[in-house]
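A.B. asks: Residue numbers (the working numbering): 26 to 419.
Please keep in mind that the hints were generated in silico from the structure rather than gathered at the bench. Careful, some of the hints might be misleading.
[To be verified] Here are the computed lysine to any residue pairs in the SDA-like style, where the Cα-Cα straight-line distance is at most 25 Å:
1) K102 with G284
2) K341 with G285
3) K102 with E112
4) K341 with L296
5) K102 with R91
6) K102 with A50
7) K341 with V113
8) K341 with G313
9) K341 with A316
10) K61 with F27
11) K102 with L296
12) K341 with T377
13) K102 with V113
14) K61 with G302
[What the hints assert, rightly or not] Label pairs and their calculated CB-CB ranges:
15) R188 with E124: 34 to 44 Å
16) G147 with P52: 19 to 29 Å
17) D28 with R361: 42 to 52 Å
18) S340 with D283: 33 to 43 Å
19) P52 with R342: 35 to 45 Å
20) A149 with S358: 47 to 57 Å
21) R128 with L335: 47 to 57 Å
22) R361 with L335: 48 to 58 Å
23) A417 with P353: 52 to 62 Å
24) A50 with G284: 34 to 44 Å
25) S257 with A326: 13 to 23 Å
26) R233 with G147: 22 to 32 Å
27) R342 with R213: 22 to 32 Å
Ideal Cβ positions, reconstructed from N, Cα and C, are used throughout, including at glycine.
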Amino acid sequence: MFDCDVLVIGGGIVGLSTAYALTRAAPGTRVTVLEKEQALASHQTGRNSGVIHSGIYYRPGSLKARFAVEGAAEMVKFCAEWGIPYEVTGKLVVATAREELPRLHALVQRGRENGIPVRELGPAQISEYEPRVRGLAAIHVGTTGICDYGAVSRRLAESSRARILYGAEVTVVDRRPWGVAVRTADGRVVRARVLVNCAGLHCDRIARLAGDDPGMRIVPFRGEYYELRDPSLVRGLVYPVPDPAFPFLGVHLTRGIDGGVHIGPNAVPALAREGYGWSVVRPRELAGTLAWPGSWAIARAHWRYGAGELRRSVSKRAFTEAVRRLLPVVSESDLRRADAGVRAQAVLRDGTLVDDFLIREAPRTVHVLNAPSPAATASLPIGREVAGRALARL
């Protein structure tokens, strides 16, 4: 009667980590993964900066803090075990203005509460790590690293031995007392005892198809990147002091596993769930975003911040100005456009940006409803958490 025991929707790193955890925790569990694209890790997983985050930013006791700290150590071990390129580089978080110093000191305290080794630096010590970076003070976080999350995703898929169906966009979810039947756009029907929704940018839509009210909507934010023409200007990873009012970390410098240096991202509203440029507009998806009251609440509360992000999107000069706060030697000619990504940010009806990972359960279903950064870093513990909830429903 059943095609599989657990059906996972979404072939990004969270869905694949869940499949991996399911088959490790309960060998013999039949797992199928539905991926609407023709390849794994096509969206958030394959379009980020590849950072293994330390967990320093996140509220002590939150899922993000716990899973990021655990996940960073596990991700390094996983990459080493399977020969996936990685490097534990450490990173600098740099204050460039006096008003940022209290936030930097608060970050030191948060890091220590989360069990993360942090070293405080003065201007001369900043230059020891990054000769061309300038700041009033900084902290060095030694456990931050970089890796290839696309390669991690492929290894998770192979190791899980899950059946993966490509080009399988879900259009119908029929939940019954005995289980769940899912129909895809090409007419395939897959029956399972339990459904796990790891659909990322489309997770709220899948929850509604299953008959569940997620209580939130995904509001897509595009993150635009440049890359340095001369990567020797930066040795490692350099971040500004983040604004705690927002889940975005600001324009930062990231030396990738390929040796190139990415700069970004900003955060601008995307006009489609997969809107990787201003020219990508999907009216139905845009209308859904505009119809959600939380979208307008964000706009009212944070219009000034948003205006700055939009300015950096349309003006290379403005983007360069943001970079020059950290790296004064950079000019516009030093930057060239790189691929953009889109963050799936869960927003509540009142405009609250969901700050933590959000996992909800319903009969025969488990929904992952907010898993933006640092979800790639935290993917192995997230996968175990989701798998445990799914197995409890078999």
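A.B. asks: A separate judgement is required for each hint: does it hold in the structure or not?
C.D. replies: Status of the hints after comparison with the structure:
1. Only pairs whose Cα atoms come within 25 Å are accepted, and K102 paired with G284 is accepted, the gap being roughly 21 Å.
2. As the CA atoms of K341 and G285 are separated by approximately 19 Å, the hinted pair is consistent with the 25 Å bound.
3. Using a Cα cut-off of 25 Å, the hinted pair K102 and E112 holds, with the two alpha carbons roughly 11 Å apart.
4. About 20 Å separates the Cα atoms of K341 and L296, which keeps this hinted pair within 25 Å; it holds.
5. Of the supplied pair hints, the one linking K102 and R91 holds, its CA atoms being roughly 17 Å apart against a limit of 25 Å.
6. For the suggested pair K102 and A50, the alpha carbons sit about 19 Å apart, so the restraint of at most 25 Å is met.
7. At most 25 Å may separate the alpha-carbon atoms for a hinted pair to count; K341 and V113 exceed this at roughly 31 Å.
8. Only pairs whose Cα atoms come within 25 Å are accepted, and K341 paired with G313 is rejected, the gap being roughly 30 Å.
9. Our distance criterion of 25 Å between C-alpha atoms is broken by K341 and A316, whose separation comes to about 31 Å.
10. A C-alpha spacing of about 21 Å is found between K61 and F27, which places the hinted pair at or below 25 Å, so the restraint holds.
11. Between K102 and L296 the CA atoms are separated by roughly 38 Å; this puts the pair beyond 25 Å, and the hint is violated.
12. Distance restraint check for K341 and T377: the Cα-Cα separation of roughly 30 Å exceeds the 25 Å cut-off, and the hinted pair is therefore not satisfied.
13. About 11 Å separates the Cα atoms of K102 and V113, which keeps this hinted pair within 25 Å; it holds.
14. Restraint check for K61 and G302: the C-alpha separation of about 20 Å stays at or below 25 Å, so the hint holds.
15. For R188 and E124, the Cβ-Cβ distance of about 54 Å falls outside the hinted range of 34 to 44 Å, so the restraint is violated.
16. The hint said 19 to 29 Å for the Cβ distance between G147 and P52, and at roughly 54 Å that hint is violated.
17. Between D28 and R361 the beta carbon distance is about 47 Å. The supplied range of 42 to 52 Å therefore holds.
18. The hinted window of 33 to 43 Å between S340 and D283 is violated, with their beta carbons roughly 28 Å apart.
19. One distance hint, 35 to 45 Å for the beta-carbon pair P52 and R342, is violated here, with the actual separation near 57 Å.
20. Judged by the Cβ atoms, the range 47 to 57 Å given for A149 and S358 is violated: they are separated by roughly 30 Å.
21. Roughly 24 Å separates the CB atoms of R128 and L335, a value that falls outside the hinted 47 to 57 Å.
22. In this structure the hint that R361 and L335 lie 48 to 58 Å apart at CB is violated, the actual value being about 21 Å.
23. Look at A417 against P353: about 54 Å separates their beta carbons, and that is inside 52 to 62 Å.
24. Between A50 and G284 the CB atoms are about 37 Å apart, so this pair conforms to the stated range of 34 to 44 Å.
25. At about 41 Å, the beta-carbon gap between S257 and A326 misses the expected band of 13 to 23 Å.
26. Range check, R233 to G147: Cβ separation about 52 Å, and the 22 to 32 Å hint is violated.
27. For the pair R342 and R213, the beta carbons lie near 50 Å from each other, so the given range of 22 to 32 Å is not met.
The earlier numbered hints that this structure contradicts are 7, 8, 9, 11, 12, 15, 16, 18, 19, 20, 21, 22, 25, 26, 27.
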